[in-house]
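Using our numbering, you'd call the opening residue of the sequence shown number 15 and step up by one each time.
Keep in mind that the hints are not guaranteed to be accurate.
Unchecked claim - Computed Cβ-Cβ distance ranges for the label pairs, DEER-style:
1) N113 - A90: 20 to 30 Å
2) G59 - A99: 23 to 33 Å
3) D89 - A30: 20 to 30 Å
4) F115 - E28: 35 to 45 Å
5) V110 - A75: 15 to 25 Å
6) K53 - L31: 25 to 35 Å
7) K58 - L122: 20 to 30 Å
8) N113 - A75: 18 to 28 Å
9) L80 - R125: 20 to 30 Å
10) N43 - R64: 22 to 32 Å
11) L31 - R125: 33 to 43 Å
12) M106 - N50: 19 to 29 Å
13) Q34 - E67: 14 to 24 Å
14) E28 - I56: 37 to 47 Å
As the list claims (entries may be wrong) - Straight-line distance between alpha carbons at most 16 Å, and here's what the computed EDC-like set of lysine to aspartate or glutamate pairs gives:
15) K53 - E105
16) K35 - E67
17) K95 - E83
18) K95 - D82
19) K58 - E42
The set of hints was computed from the structure by calculation and includes no laboratory data.
What you are looking at is a predicted structure, and each value in this text was computed from that prediction instead of being measured.
Cβ atoms here follow ideal geometry from the backbone N, Cα and C, with glycine treated the same way.
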Amino acid sequence: MVDSNVLNCLHKGENALLHQKILSRVIENMTPVLVNIIKEGIQKGIFSCRYTEQYMQIFLAASLTLTDEGIFESDADFQLKIMTALISVLEMMLCVPENSFMQMFNKLQNR
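Using the sequences and the accompanying hints, generate a full structural model.
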């Protein structure tokens, strides 16, 4: 978790470019990690994905942007709906049965 003071600083208007660059770096650095996981899943017959790198970039960009409270003010209900939609999109991207990942998410929520 990121310190709230750091987040508040990042979300100031004068730091918008820095915030954008940080989001960009996170996407650049996380994409290869996710691509490797997806490729392993493809080799094992768990996933099917035509545009692995591009899908993961899209997924990360959407996830980081839509869950960033400095960009979108949100309440718990909005955040839950966004997470549900993101998980659904990921399931479609990886051609897994509907609710495959949602079941895992729900188990984590109930802890």
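Hints, one by one, checked against the model:
no.	hint	in the structure
1	N113 - A90: 20 to 30 Å	holds (21 Å)
2	G59 - A99: 23 to 33 Å	holds (27 Å)
3	D89 - A30: 20 to 30 Å	holds (24 Å)
4	F115 - E28: 35 to 45 Å	holds (38 Å)
5	V110 - A75: 15 to 25 Å	holds (21 Å)
6	K53 - L31: 25 to 35 Å	holds (33 Å)
7	K58 - L122: 20 to 30 Å	holds (23 Å)
8	N113 - A75: 18 to 28 Å	holds (24 Å)
9	L80 - R125: 20 to 30 Å	holds (23 Å)
10	N43 - R64: 22 to 32 Å	holds (23 Å)
11	L31 - R125: 33 to 43 Å	holds (38 Å)
12	M106 - N50: 19 to 29 Å	holds (21 Å)
13	Q34 - E67: 14 to 24 Å	holds (21 Å)
14	E28 - I56: 37 to 47 Å	holds (44 Å)
15	K53 - E105	holds (15 Å)
16	K35 - E67	violated (19 Å)
17	K95 - E83	holds (14 Å)
18	K95 - D82	holds (14 Å)
19	K58 - E42	violated (25 Å)
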